[in-house]
Amino acid sequence: MICSQTLQLLHFMRFWKYSTPQNFYPAAKKIAAVFFVLAICFGIPGLYVGFFVAPTDHQQGEAYRIIFIHVPAAWMSMFIYVVMAFWAAVGLILNTRLSSMLAQALAPTGALMTFLALWTGAFWGRPTWGTWWVWDARLTSELVLLFLYVGFMALRASIEDPRRADKASAILAIVGVVNVPIIYFSVKWWNTLHQGASVSLTKAPSMASDMLLGMLLMALSFWMYSIAVSMLRVRKIIRDRERNSGWLNN
Amino acid sequence: MLELKSVTSTRGYKKLFEDLSFGLEEGEALRVNGVNGSGKTTLLRILCGFSRPDAGEVQWANKDIRALGHDYSCLVNYLGHFDALKGNLTAEENLIASLSVMGVDSDVATIREALYEQDLHSKLSVPVSRLSAGQRKRVALARLRISRERPIWILDEPFVSLDKSSTESLSAALSEHVSSGGLLIYTTHQDIGLAVRPKILTMN
Amino acid sequence: MRSRSVFLAVLLREFKISLTQKTDIATIFFFFLIVASLFPFAVGPDIGSLRAVGPGVVWVAALLSSLLALHRMFESDFIDGSLEQFLLSGEPLVLVVVSKIFAHWLITTLPIVILSPFVGMQFGLSAEASWTMALTLLIGTPVLSLLGSVGAALTLGVRSGAALTALLILPLYIPVLIFGVGGTVASLQGMETIGHFSILLAFLCLSLALCPLATSAAVKIALE
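Protein chains in written order, with numbering that gives the first Met the number 0: chain A, 0 to 249; chain B, 0 to 203; chain C, 0 to 223.
None of these hints come from the bench; they were simulated from the model. Treat the hints with care, as some may be off.
[Unchecked claim] Only part of the chain C face toward chain B is listed, based on derived beta-carbon distances under 10 angstroms:
| hint | residue |
| --- | --- |
| 1 | S4 |
| 2 | A8 |
| 3 | V9 |
| 4 | G47 |
| 5 | E74 |
| 6 | S75 |
| 7 | L82 |
| 8 | Q84 |
Just so it is clear, CB atoms sit at the ideal spot from N, CA and C, and this is done for glycine as well.
Based on the provided sequences and hints, a complete structural model is requested.
As structure tokens, then:
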């Protein structure tokens, strides 16, 4: 039954086969505009909640507020990787160009989110724990995720034929997505083994509902932003890759 | 019957050919002409099943070769620009290795005989890296001959590096293959006489 | 049975080729020894501190040696056209790929596994811990070869191949490293190792099931 439903889903996805880069190009601009606006709509209240409304933590002081950037960025970095792998896989299985271009467009944003999560993690750690870096489970997994993104982009960059680059990086992304949970749980196990009972850096102070609201708003804002920026990037990719196709000269 | 249906192929950013169609029956030969870079090698590789065309499909006995998978691949004999020989092994060792991997049944006696046929008597225990280009080509042709049961022969410039007598003997072998019901698709810059008149496809 | 004969044919072919390239293979082996030997110079000759880093050092040295040897898996066959002939074999490419990976592991990594207990003792590990480490390597290094084969196939014919391959697969090596060293350290401390071995075996089963498929797909893409 799962098999037939998956097949039905794949047949539904076939409509992407008829969605060519040429058709998608103008639509992407409109989507980007809408989602930039949405990003601001979620971002401003999110920042407001995070920096003004949520209460000061009695243990960590004001410095903890960076959690409102760190946690949403970390969530997005993992979410984008899965979405990227999904579109890459669709491009590989259905042999469609647009899906692979979407995956190509998502990678730099995902890497940026990962880098942001790592950077803000360091800024959180410094005032709280006295060091710029801790090898805790989440930060270490984020670091490995950064390597996976960089690997994806490096592989793409070193293959000249764009279709071959699409397919090769799709395989890498699929292998990566299967490995991400394995890596995460291995790192978690490794971390608890060596640190024992010490508190994880990314363990947030007990969640007031305001804090949760702030993080959710920021997460939504990052999500909208990611979509918007990926739409603009996919337009650039379409321009690069379809430049000999003729339809661009208008 | 081998059929190409509306096949389009792009290499990098360049479109090589578009909407190409033809059919080849058993006992027919096809010669692909065209300048360098016109897509001949790409076409041959698509016929082998290595490359996937951007549009259209290749059919064998009315079935898509992609669906047939290795049921189709085991019908193909391919000789491209590379001879697939390991330099450190002798001609004999090379053929034993590659034929067994291809799943073609052959014993040492058959292999030796094929190498003798190619005039390589004195070169049997010499590492292939020490053979000339023409000699290496003949080792590859010996492999082709041993697996001649495979009906579809796809040869990319098979006459390169061959001297006059080897060229004649290869032409004879190709003619025999086509006459006995095999299919032949080949490219060449030389004028070769085949017993069966080949169809011509010109790429531009 | 045809599949088994093709599997064996590939294995035999790899052995024959390796016999003519003994020096290359010995180099990888000595690379392992040299890398392991660097650490006493870096850390100091005190056997206590060496014992603390020993399991990690030997595992990382084995891992890097496995990585270094990866280009031998497909590159030569890719360059001389043998790989595309494999595609025309009567059997599925997956079978040829599994056989190649197995041959590669037997030839380049098994000697390292066999030597590892002696290197372990050089780092002050007890005999029991050294043998445990060898066992973790025995189960873990095939996983490394399987994962590495995917990287090797993806970067065929690509410039900066070796460094790129390392970048692609070293992150994937991390779980194997964690549990391989973990098992050794547990044995050193006299604790149970059954958990570590179960997980390593699970990794082996999973990679055996999935990696050859990914690698064959990658080889086909490289040959397009």
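Each hint, compared with the structure:
no., hint, in the structure
1, S4, "holds (7 angstroms)"
2, A8, "holds (4 angstroms)"
3, V9, "holds (6 angstroms)"
4, G47, "violated (48 angstroms)"
5, E74, "violated (13 angstroms)"
6, S75, "holds (8 angstroms)"
7, L82, "holds (8 angstroms)"
8, Q84, "holds (5 angstroms)"
This entry does not satisfy hints 4 and 5, going by the numbered hints stated previously.
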